[in-house]
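Using the hints provided, position chain B relative to the given structure of chain A.
The chain contents come next:
Protein chains: 2
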Amino acid sequence: MNNFTYQNPVKIIFGKDSIGQLDSLLPKDAVILITYGGGSIKKNGVYEQVITSLGKKRTVFEFGGIEPNPLYETCMKAVEICKKHKITFLLAVGGGSVLDGTKFIAAAAHYTDGDPWEILANKAVVNSAIPVGSVLTLPATGSEMNSLAVISRDNTKEKLHFCSPCIYPVFSILDPETTYSLPARQLKNGIVDTFVHVLEQYITMDLNTPLQDRQAEAILKTLIELTPRLLSSQKDYDSRASLMWCATQALNGHLSCGVVSDWATHMIGHELTAFTGIDHGQSLAIVIPGVWKYQFWDKSKKLAKYATNVWNIEGLMEIDLAKAAIDVTEEFFDDMGMFTRLGDYDIDVEIIDRIAERFKQRGAILGENNAITPEVVREILISRL
Amino acid sequence: MNNFTYQNPVKIIFGKDSIGQLDSLLPKDAVILITYGGGSIKKNGVYEQVITSLGKKRTVFEFGGIEPNPLYETCMKAVEICKKHKITFLLAVGGGSVLDGTKFIAAAAHYTDGDPWEILANKAVVNSAIPVGSVLTLPATGSEMNSLAVISRDNTKEKLHFCSPCIYPVFSILDPETTYSLPARQLKNGIVDTFVHVLEQYITMDLNTPLQDRQAEAILKTLIELTPRLLSSQKDYDSRASLMWCATQALNGHLSCGVVSDWATHMIGHELTAFTGIDHGQSLAIVIPGVWKYQFWDKSKKLAKYATNVWNIEGLMEIDLAKAAIDVTEEFFDDMGMFTRLGDYDIDVEIIDRIAERFKQRGAILGENNAITPEVVREILISRL
Chain A
1 MNNFTYQNPV KIIFGKDSIG QLDSLLPKDA VILITYGGGS IKKNGVYEQV ITSLGKKRTV
61 FEFGGIEPNP LYETCMKAVE ICKKHKITFL LAVGGGSVLD GTKFIAAAAH YTDGDPWEIL
121 ANKAVVNSAI PVGSVLTLPA TGSEMNSLAV ISRDNTKEKL HFCSPCIYPV FSILDPETTY
181 SLPARQLKNG IVDTFVHVLE QYITMDLNTP LQDRQAEAIL KTLIELTPRL LSSQKDYDSR
241 ASLMWCATQA LNGHLSCGVV SDWATHMIGH ELTAFTGIDH GQSLAIVIPG VWKYQFWDKS
301 KKLAKYATNV WNIEGLMEID LAKAAIDVTE EFFDDMGMFT RLGDYDIDVE IIDRIAERFK
361 QRGAILGENN AITPEVVREI LISRL
Chain B
1 MNNFTYQNPV KIIFGKDSIG QLDSLLPKDA VILITYGGGS IKKNGVYEQV ITSLGKKRTV
61 FEFGGIEPNP LYETCMKAVE ICKKHKITFL LAVGGGSVLD GTKFIAAAAH YTDGDPWEIL
121 ANKAVVNSAI PVGSVLTLPA TGSEMNSLAV ISRDNTKEKL HFCSPCIYPV FSILDPETTY
181 SLPARQLKNG IVDTFVHVLE QYITMDLNTP LQDRQAEAIL KTLIELTPRL LSSQKDYDSR
241 ASLMWCATQA LNGHLSCGVV SDWATHMIGH ELTAFTGIDH GQSLAIVIPG VWKYQFWDKS
301 KKLAKYATNV WNIEGLMEID LAKAAIDVTE EFFDDMGMFT RLGDYDIDVE IIDRIAERFK
361 QRGAILGENN AITPEVVREI LISRL
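So the protein sequences, as listed, match chains A and B.
Under our numbering, the first residue of the first sequence is numbered 1, with each subsequent residue one higher.
Under our numbering, the first residue of the second sequence is numbered 1, with each subsequent residue one higher.
Looking at chain A on its own, in the form it has when it is part of the complex (with noise of 0.2 angstroms):
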């Protein structure tokens, strides 16, 4: 087992009806600004329900419009909102897109030092933020929780991610109830950002961590059961919690305690959403069992581990078992209607060759091993073709 450090401030409020607790989570004078993204939360009673908690004696501003993955441009237009009006504190209500944009707002409105860009493309240090807290209505990115945030740029196609603990969430609201209405494609990119997110700490080199292993199987395993419950039935309760919990779990930080991480499959993800703007789920779903093929023989003896223990695979050799793991992860999302090709969204090899050059200018090695270099990264989505 690696050496760590762990620690996660963020107060979680969870169940049924929670966000009534959402005013006395607040401080008493704060000057609020409420940041949404396309407006789903004021057809599915979230708004309400989040305006009636506060009450009518509060400061409070709005700012909506935040979009899929997140633009820096928009983000900008909230920064001087929080400037002009003196902001205290930022209320995310929406899924990890609305959470990470509104992270980056409350960085962005306390860093003096130049163009807050810099935050995402040089990991300029952010040493103070806007407190932040969250209504949370999509399990999916685990924003809730962490002190993570990723950031696109519409005029440079870039999609960026920074890290601070100035933004961890000062609270989060979980209501399953909220997830209710989610369309079945943000379901789905929900169930793939979270068994991803899972995977990528725990399909890496053997540490002897036991635990760790366990607690990475415990949510995929739950997230294999839950899925076909999931995606028919809108108003299970607890096949929502389930999933809910789940998501903000895999990325939490406690599964990667001890144990080596990878996001290669993250990484490459991120550009192809960026150059091509399908959903981050979407190309998640794509991108990692190529990234696994490119690892085999680093990979090969968690794989086998996974196939066994999470899919119940058994009587083969490792070789043969560690394949059978990238076939059946595959199936699993094909089975659930994720396509796991380039191909079925008409991505072809210009954007391949447009992302393997960007790697290049950045000097970008990816992966756990740091093997993936950008001839690599060509080669895997040329697989994915």
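Because the hints were derived from the structure by calculation, they are not lab data.
A couple of the hints might just be wrong.
Identical chains share a label here; the pair holds if one copy fits it or two copies do between them.
Below, a list of computed lysine to any residue pairs in the SDA-like style, where the Cα atoms sit at most 25 angstroms apart [stated by the list, open to error]: (1) Lys360 / Thr74; (2) Lys83 / Glu73; (3) Lys77 / His110; (4) Lys11 / Cys166; (5) Lys11 / His161; (6) Lys28 / Tyr6; (7) Lys123 / Glu357; (8) Lys221 / Asn3; (9) Lys83 / Ser232; (10) Lys301 / Pro228; (11) Lys11 / Asn127; (12) Lys86 / Asn44; (13) Lys123 / Glu331; (14) Lys235 / Asn2; (15) Lys56 / Asp346; (16) Lys43 / Glu379; (17) Lys293 / Arg354; (18) Lys16 / Met205; (19) Lys305 / Pro228; (20) Lys86 / Leu54; (21) Lys293 / Ile51; (22) Lys86 / Glu73; (23) Lys11 / Val170; (24) Lys28 / Val125; (25) Lys221 / Lys301; (26) Lys305 / Val260; (27) Lys221 / Gly315; (28) Lys28 / Pro165; (29) Lys305 / Thr227.
Predicted, not measured: the structure shown is a model, and the values here were computed from it.
Here is chain B on its own, set in the frame of chain A:
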């Protein structure tokens, strides 16, 4: 799944040579009281590592002699030292008893409403405490990452707990190598304590919480797998590391999210220790099979699940799986050389009657369904003679 709130702010520093980070975790101007137990830290090198990390420029006092099942009487002596020297930081170096004692010292030193015993006896609210940090040397109680402490009183033979967000350690340093010198008895107690912490949050009514159940099973399976190696090999780093992380995860609050906990075994075990002085782990190994038999119909579904998922017992009816679960758990304790009967410690009916009488005086009803009356406690203990 039940509604829940979860927050745990403790910073965990885990791994080889991690005590070297101690100085950087403490406020520069802290007036520190190092608390410890019977002095094993001065034999196994831990004390030296602590002093070396702190350097020569700090203001440091010491308080040794915190006993297993830390006594109120002992802790109050440390409270005097805290007041006399205006201690601003308590550094607990040792196992769960040293940590629990230190948490009580921290709260008692700031308690101004009378006798701090009220915190334990009448759950007087703790609004403030001296900050606590820890260097853990015994994986067992989970105290290093929770807000709980259990304190005994010599003159009345009581053992009571209290809970407050004020007593979360600011940080806990977990170096698995500090456990190499543990005597087998303490190691076994730690394994059993960890195992039973998980069971008291897992073997309860079924609320359709597949993720939490699997997270519990993850720790149980890992402990079962590790125990032979832990008991036969003193310096197997990875198994010590996994045990240490299991113990922390077993009682840091995340297993109880959304489920019902029981804690009858712990409550009865505390009284056994209070009256007879047997170790905490020893008391749990005796009591839990009895608690399960007397709550058999309430727990049979989860017991059967545990038999199958943790012990790989299959092909039986649910009721027989549940019975097998009780038997195999008792065998697990037996096999590691833990006694499971009161008679093994020459504890007789007189003690049982005193325990039942005490619960009666307190009006205490135990267990997940509030069904374990003082009379049932008596029956449970009689069944364990």
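Status of the hints after comparison with the structure:
Taking CA atoms no more than 25 angstroms apart as the test, Lys360 paired with Thr74 passes in neither setting, with 28 angstroms inside one copy and 65 angstroms between copies. Within a single copy, Lys83 and Glu73 get their C-alpha atoms as close as 16 angstroms, which meets the 25 angstroms cut-off; across copies the closest is 56 angstroms, which misses it. For a Cα distance limit of 25 angstroms, the shortest separation of Lys77 from His110 inside one copy, 14 angstroms, qualifies, whereas the shortest one across copies, 48 angstroms, does not. For a Cα distance limit of 25 angstroms, the shortest separation of Lys11 from Cys166 qualifies both inside one copy, at 15 angstroms, and across copies, at 15 angstroms.
Taking the closest pair of Cα atoms, Lys11 and His161 come within 25 angstroms of each other both inside a single copy (23 angstroms) and across two copies (24 angstroms). In this assembly of identical chains, Lys28 and Tyr6 lie within 25 angstroms of each other by CA distance solely across copies; the values are 22 angstroms between and 31 angstroms within a copy. Taking the shortest Cα distances, Lys123 and Glu357 sit within 25 angstroms of each other inside one copy (21 angstroms), while across copies they are farther apart (64 angstroms). In this assembly of identical chains, Lys221 and Asn3 lie within 25 angstroms of each other by CA distance solely across copies; the values are 23 angstroms between and 27 angstroms within a copy.
Proximity of Lys83 to Ser232 under the C-alpha cut-off of 25 angstroms is found in neither arrangement, the shortest distances being 45 angstroms within a copy and 63 angstroms between copies. In this homomeric assembly, Lys301 and Pro228 come within 25 angstroms of each other (Cα to Cα) only across copies, at 24 angstroms, whereas the closest approach inside a single copy is 29 angstroms. Taking the shortest Cα distances, Lys11 and Asn127 sit within 25 angstroms of each other both inside one copy (21 angstroms) and across copies (19 angstroms). For the homomeric pair Lys86 and Asn44, neither the shortest alpha-carbon distance inside one copy (30 angstroms) nor that between copies (56 angstroms) is at most 25 angstroms.
When the C-alpha separation of Lys123 and Glu331 is checked against a cutoff of 25 angstroms, the pair qualifies neither within a copy, at 37 angstroms, nor between copies, at 55 angstroms. For the identical chains of this complex, Lys235 and Asn2 are inter-copy neighbours only, at 16 angstroms across copies versus 42 angstroms inside a copy, given an alpha-carbon limit of 25 angstroms. Proximity of Lys56 to Asp346 under the C-alpha cut-off of 25 angstroms is found in neither arrangement, the shortest distances being 50 angstroms within a copy and 67 angstroms between copies. Taking identical chains as interchangeable, the C-alpha atoms of Lys43 and Glu379 are never at most 25 angstroms apart, the minima being 44 angstroms within one chain and 58 angstroms between chains.
Taking identical chains as interchangeable, the C-alpha atoms of Lys293 and Arg354 lie at most 25 angstroms apart only when both belong to the same chain, with a minimum of 22 angstroms there against 66 angstroms between chains. Taking identical chains as interchangeable, the C-alpha atoms of Lys16 and Met205 lie at most 25 angstroms apart only when they sit on different chains, with a minimum of 20 angstroms there against 40 angstroms within one chain. With identical chains, the CA atoms of Lys305 and Pro228 are at most 25 angstroms apart both within one copy (24 angstroms) and between copies (22 angstroms). In this assembly of identical chains, Lys86 and Leu54 lie within 25 angstroms of each other by CA distance solely inside one copy; the values are 19 angstroms within and 43 angstroms between copies.
Neither within a single protomer nor between protomers do Lys293 and Ile51 lie at most 25 angstroms apart by alpha-carbon distance, with minima of 49 angstroms and 50 angstroms respectively. When the C-alpha separation of Lys86 and Glu73 is checked against a cutoff of 25 angstroms, the pair qualifies only within one copy, where the shortest distance is 20 angstroms, while the shortest distance between copies is 53 angstroms. In this homomeric assembly, Lys11 and Val170 come within 25 angstroms of each other (Cα to Cα) both inside a single copy, at 6 angstroms, and across copies, at 16 angstroms. Taking identical chains as interchangeable, the C-alpha atoms of Lys28 and Val125 lie at most 25 angstroms apart only when they sit on different chains, with a minimum of 24 angstroms there against 30 angstroms within one chain.
Proximity of Lys221 to Lys301 under the C-alpha cut-off of 25 angstroms is found in both arrangements, the shortest distances being 19 angstroms within a copy and 20 angstroms between copies. Taking CA atoms no more than 25 angstroms apart as the test, Lys305 paired with Val260 passes inside one copy only; the shortest distance there is 16 angstroms, against 32 angstroms between copies. Taking the shortest alpha-carbon separations for Lys221 and Gly315, both the intra-copy value of 20 angstroms and the inter-copy value of 22 angstroms come in at or below 25 angstroms. Taking the shortest Cα distances, Lys28 and Pro165 sit within 25 angstroms of each other both inside one copy (24 angstroms) and across copies (21 angstroms).
In the homo-oligomer, the alpha carbons of Lys305 and Thr227 lie at most 25 angstroms apart both inside one protomer (22 angstroms) and across protomers (21 angstroms), since each shortest distance falls under that limit.
Checked against the numbered hints given earlier, this structure breaks hints 1, 9, 12, 13, 15, 16, 21; the rest are met.
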